[in-house]
Amino acid sequence: MSAPNKALEELTGQDYKYGFVTDVEEDRIPKGLNEDIVRMISAKKNEPEFMLEWRLRAFRHWLTMKEPTWQAVKYPPINYQDLYYYSAPKKKVKLNSLDEVDPEVLATFNKLGISLAEQERLTGVAVDAVFDSVSVGTTFKAKLKELGIIFCSFSEAVQEHPDLIKKYLGSVVPYSDNYYATLNSAVFSDGSFVYIPKGVRSPMELSTYFRINASETGQFERTLIIADEGAYVSYLEGCTAPMRDENQLHAAVVELVALDNASIKYSTVQNWYPGDKEGKGGIYNFVTKRGKCAGKKSKISWKYPSCILQGDDSVGEFYSVAVTNNYQQADTGTKMIHIGKNTRSTIVSKGISAGHGQNTYRGLVKINKGASGARNYSQCDSLLMGDKCGAHTFPYIEVKNSSAQMEHEATTSKIGEDQLFYCKQRGINAEDAVNMIVNGFCKQVFKELPMEFAVEAQKLLSVSLEGSVG
Amino acid sequence: MTMALLEIKNLHAKVEEKEILQGINLTVNAGEVHAIMGPNGSGKSTLANVLAGRENYEVTSGEVLYEGKNLLEMDIEDRARAGVFLAFQYPIEIPGVSNAHFLKTALNGVRKYRGLEELDAMDFLTLVKEKMKLLQMDPTFLNRGVNEGFSGGEKKRNDILQMAMLDPKLGILDETDSGLDIDSLRIVAEGVNALRNPNRAFVLVTHYQRLLDYIVPDFVHVLSGGKIIASGDKELAVHLEERGYGWVIEGGAKAVGA
Ligand SMILES: Nc1ncnc2c1ncn2[C@@H]1O[C@H](COP(=O)(O)OP(=O)(O)O)[C@@H](O)[C@H]1O
Ligand SMILES: [Mg+2]
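Order-wise, the sequence lines are chains P and H.
Quick note: the first sequence uses our numbering, first residue 819, plus one each step.
Quick note: the second sequence uses our numbering, first residue 44, plus one each step.
Just chain H, same shape as in the assembly (with noise of 0.2 Å):
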């Protein structure tokens, strides 16, 4: 058997002395696609900041193994050299930084890290301007400073921009369709799908089924009180979506088998 691209094992995890994350188990292979749907506040971004290695989050105990490698005890930076992409469920504004800018230091820190020779400007810019054409981004937000006015909509379709420029092995996506209108979210999810490959696996942290009905997932998990409570295939989205999360949290799950 291959090793997991991702392992997680009985993770807890605390924010300012607040337990939330309360013994997740999960584990993550190549090719996969993951959703984690749960109720406001279950701990679902907590999970992706922690994996991502965000101060602020301690992790109390457990272990999280990413391509059979400690992750816990990576720096941020390489975490995402390694493969460990975030989209943030709020993507953050830095003005007077260009986008591009950005975009090339972050893909040369990364080719860097890889071993891979860094992009002069010629080829940054023809690479760029063709991962923009498939998320339909017009080539003027290149200049403009990163996020910066950025509608919520465009914000979230340059993160994924930005995943799609950086090569990543794990995508985690924190709530990446809110704030997005139909078209968006269509194009968002082309994206993505676009991106899915037997070496690449995602993590999607939704509430709505109708993401899930544009990028299929292999397995949904439901997150409640810092816990996987159930497990199931992309059906269980849809009766969560009938039900509400109060039919799980009361064990319904159960019953479809999940």
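Chain P on its own, in the form it takes in the complex (with noise of 0.2 Å):
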């Protein structure tokens, strides 16, 4: 090996930063899944009748469903009756404020570096934790709820907002749209709800943070935001997944509801806990988001999976980064749906690959008959990180409206040998100079994160070059 490619080994080699595991007494149901379980799981959760018919829809149709093997990932098979399906940490009461809080999940927090107080004081953001599959601490509550914000668990808003659960629930990823997507709407344990009233601008962004904790326990989240005709919220999901001997399972469904001239952005910052060197461990995640730009001139921009434009005029936009390092192997990408007259789009995707890491990117874009005057642009950009790792990039196209205009641009990039050397000969530590490179290379998309968030997601960058991110 090069020497070049040994210091860059060097800095992507090193240890997770954030594996640890809080131990915190767990209430869990037994393993494995079959209706009794899915009963289970809606009577702990104290469900109306019409959530459990809705799971119990989900879980009879994915008994007859096959499970998916596109991918360009490989894994091992996994034993769906070998995982638990629900589990909360057992001390959990009604909470008022953070002093109620377990202390050691405090303290897993406080070891992310996300303390709850902290960010309430400093950054204004109005976090709701998500802890394992139960929500132990909301913030801002009030404030927001003055100006009609109902931002809180999805359990919460099961009890207190059955009105607004039946009408979205699964209107923009039914119950049968895939594999992993039932799955989830049969077992999904909590997530986070948000709705924006009609006019009304979120005065905070809204942000949830996961984190996978109890062992072989599948994590099965479901978020819901809605913005009604003219509403705007920008809404930010970060993950961190401590480091565990088996393969563990993350199947989540987001659905984003924006009508007439209401705009959602959404932005992710995913930390996946990536596999030790020898490909060990790690986590699977297979994750259906979709928007729907229900109204016209409504917007939806984000980062991670697809957008249907329905509304004339309606605009979706889609940023993101993607690291894989050690064995860890990533299979994402989006979709934009046209269906409304002048729908437009923007698709930039960033992929770095370190150590073995293999990168897949897929972009389908989708113009439909009646969707005249629409127009996309896709750029895909992957950044290569020593000479062990890959990028593919697979864009699908399919126009039917002969009006439509579509750009795309792709390119594939090695962090230099040259490069380095140019900093290094410049009195710049190789360190410094791959986090430099690495956040040049990512800036498109950075610029386009809320302020606090794009200097969160520069330090995850930097960490994941020392560890590891997803």
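Simulated from the structure, these hints should not be mistaken for lab results.
For glycine and all other residues, C-beta sits at the position ideal for the given N, C-alpha and C.
Each hint should be verified, as a subset may be incorrect.
Sample of chain H residues with no beta-carbon within 10 Å of chain P, all distances over it, derived [unchecked claim]:
id, residue
1, E62
2, T148
3, K270
Quick list of in silico lysine-lysine cross-link-like pairs, DSS-like style, CA-CA up to 25 Å [to be verified]:
id, chain 1, residue 1, chain 2, residue 2
4, P, K1206, P, K1232
5, H, K155, H, K212
6, H, K277, H, K52
7, P, K1232, H, K198
8, P, K963, P, K1016
9, H, K198, P, K1261
Fit chain to chain and form the complex, with the hints in mind.
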């Protein structure tokens, strides 16, 4: 191996910084998956009848489905009967303030640098923290409430706002959508719910952190965000998973609904544990995230998954940074489906591969017959660090309306030995040089993130280069 | 006698198993300007890269002393911080990283090593703007990515700007004149001349006499086949321009007493 590659390897080969396990008593239901388990989950959560029925419909449909094999990702078969589908920290009672949160849980967040108190005080961000499956703390609720904004855990929304749930749950990602989304629909444990009323601009960024903790626990989050006519919200989801020997399953569903003239900006920073240097451990992450610009002139911009541009003049934007390290394999992508007239979409995807990581990006842009005047711009760039990793880009384009305008650009570059040499020759050390080069590569995406998160994304990225990210 | 700034003794080096440098001897004292000329592929860039410490270039024998210390044992960034600056034959692009951020990081790395206080944003901007004026560079270049989308000439000028900022003791300029139009050549040469002082030396790698009209060297060396085959004063360059390298290689240079 040549010297520059060795330097890269040293930088990227360090251990995962966020790998630790919190010792909290858990409330679990037995391993495995059947109708009784689904009923048990629903009962634990004290759900109304319509939710149980929805879950059961999903579960029965799931039994008829086949696990997809289309991804460029290789993994051993998952034994779905060998997983726990529900776990909650046992000590959980109704919490009024952070003081009441299990100190172990708070300590975990502190280790991650996500102190709720700090977040609340310093950044003005309302954080709804999800610890495993149950929300443990929600802040700024009162202030949001004044404006009629609802920001709470999914379970709470089911109890307090069943009409909204009934109306919008599954309206973007139906329970029968795909294998993992259907599984999620049957057994999802918790997640976040946001409703922004007509004409209201959310005065602060909304944000959720997820963290997988309980060993062998499938994590099934469900997020639903609704921006009513003329409303605006910016939402960030961040992920950090602790180190585990067994592979873990994550199948999340996110639904975004933007009505007439509404705008949703959705960003994620994902920092999944990539497995160790031998390829052991790590997380299976199957996510279905989709937004629907249901209304005219509505706009959704986000990192990850698909956008249905239904309303005339609606806009979809997708900005993403994906990092793979060690033996991690990522298969991500987005879909833009143009239905309405003069709909516009932009896709900017940046993939970074280090170690033996393999990064696959798929982008589907579909222009339906009626979508006259639709436009799409796609740009997919890959950065390779070292010579054992790979990047793969698959653009799919389907145009059924001849007035559509499509532009596509793709590049692959290597963190060159020459770039590193150039930096070092100017007195910059290797670590700073790599961070600088990678941040430069991602700049186009970072500048779209809300300020606080852009800083955080850069921080996560440099941690990922020391250790890992996903 | 004072110690030489740079002393290269019988230096042999190979790239990808190919012997390129085959016994280079060269002494450079502070305050001097040495020009190295020679045909394509003779090893000029290889010599420059070996001095800067680039990986893939393997020194097989010989010695290089910089201020009396073993240069070949130092890390790339430490050589840079200790004052060895290489202006690249082909400056590298680093997209998305602003010139200002890059330069400030570099400058503070160097200053820290030299026991100087790091510059804050204001002091940095004042300094860099002053240097840019000298090189007739528009301040908007500060906000652009490092060499990103720069023309060939702009890249070379940017390298000289970095050199002016980092205040090296030994500036190695690898074909800085190639790709420059006459006006740019003059501006770059004036920039280099402004940096000439008794404590600083330059090694100019060039093909053309043209550059040496502006930056007048104290010594001229001809590198061919991995060896310095002739050395002389600035007149040697004039003869080379007239008669070509073939003339020296065949032994004619001795006739002019070089
Ligand atoms: N990285 C490399 N790999 C293989 N050969 C190289 C490499 N760098 C230089 N060489 C070879 O070494 C010789 C000297 O090159 P160089 O030092 O660039 O010459 P000059 O700068 O004098 O034109 C040439 O034959 C060139 O092809
Ligand atoms: Mg050369």
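The hints, checked one at a time:
Under the 10 Å C-beta cut-off, the non-interface status given to E62/H relative to chain P holds; the minimum distance is some 19 Å. Taking the minimum C-beta to C-beta distance to chain P, about 5 Å, the non-interface status of T148/H is violated against the 10 Å cut. With a cut of 10 Å on Cβ distances, K270/H stays outside the contact zone with chain P, its closest approach being about 26 Å. For the given pair, K1206/P sits about 11 Å from K1232/P by alpha-carbon distance, which is consistent with the 25 Å threshold.
Restraint check for K155/H and K212/H: satisfied, since their Cα atoms lie roughly 16 Å apart, inside the 25 Å limit. In summary, the hint linking K277/H to K52/H is supported, as the alpha carbons are separated by about 23 Å, within the 25 Å threshold. Between K1232/P and K198/H, the direct Cα distance comes to roughly 21 Å. Compliance with the 25 Å bound is thereby established for this hinted pair. Pair hint K963/P plus K1016/P holds up; C-alpha atoms about 14 Å apart against a cutoff of 25 Å.
Distance hint between K198/H and K1261/P is fulfilled; the C-alpha atoms sit about 22 Å from each other, no more than 25 Å.
The structure is inconsistent with hint 2 alone, although it conforms to all the rest.
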